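Heads up: the protein sequence lines correspond to chains A and B, in order. Residue 81 in our numbering sits at position 48 of the first sequence, and the numbers go up by one each step. Residue 651 in our numbering sits at position 11 of the second sequence, and the numbers go up by one each step.
Everything labelled a hint here was simulated from the structure, so no lab data went into it. Bear in mind the structure is a predicted one, so any value in this text is a computation, not a measurement.
Partial list, computed: chain A residues near chain B (C-beta under 10 Å): (1) Ser78; (2) Met81; (3) Ile119; (4) Leu134.
Taking lysine-lysine and the DSS-like style, the derived pairs with C-alpha atoms no more than 30 Å apart in a straight line are: (5) Lys697(B) x Lys101(A); (6) Lys682(B) x Lys138(A); (7) Lys682(B) x Lys101(A); (8) Lys682(B) x Lys87(A); (9) Lys86(A) x Lys101(A).
Idealized CB from N, CA, C, for every residue including glycine.
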Amino acid sequence: KNEVEQSPQNLTAQEGEFITINCSYSVGISALHWLQQHPGGGIVSLFMLSSGKKKHGRLIATINIQEKHSSLHITASHPRDSAVYICAVRSPYSGGGADGLTFGKGTHLIIQP
Amino acid sequence: EPEVTQTPSHQVTQMGQEVILRCVPISNHLYFYWYRQILGQKVEFLVSFYNNEISEKSEIFDDQFSVERPDGSNFTLKIRSTKLEDSAMYFCASRASFISFSPLHFGNGTRLTVT
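Can you build the whole structure from these sequences, using the hints too?
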């Protein structure tokens, strides 16, 4: 069963700071998702990646398959970025089935103005 | 942009009652999922569904749970006899295809409270 660990669990930063959230997993994967969950509970998919790097606006996601590690970066952070950021992996050994996902516990990010 | 819709947003039920949570996936999607998140805990996979049958299910998805795609648009999760521990946020998700880079789209969730 894949174990997904995220760090830090909680992060408070000032507006404008560069943010990094880390995710590591124990078993090889076919894809890794970064998700954003707002206080109301809804989940939005930010990125899905299986190699390299992706960028969308101020968000950048990277993955190192050999090291079983991924990072989510936020540049020029803003209070509206405050949310829970969740890493989830897809693999046949994830415990989520071949196409279900195994989730990390999430990183609670607060950006103060 | 097309989205996954879930109804109701909040459901309160008494222990032992049956509940049906409804989802309308994105119209051209073929793979459907239910996840749940107990308050304060991580999201957990329940079941995946393709071609009108369950393709995978987790240990959580016991005989009390069932899924159905009754009419080609709705995708439902039924809990036959709810327990207090079924209280959670239930998320529906859908995907166009099985290939790894097909993105997953989530609904906003149904918060189920069992009293």
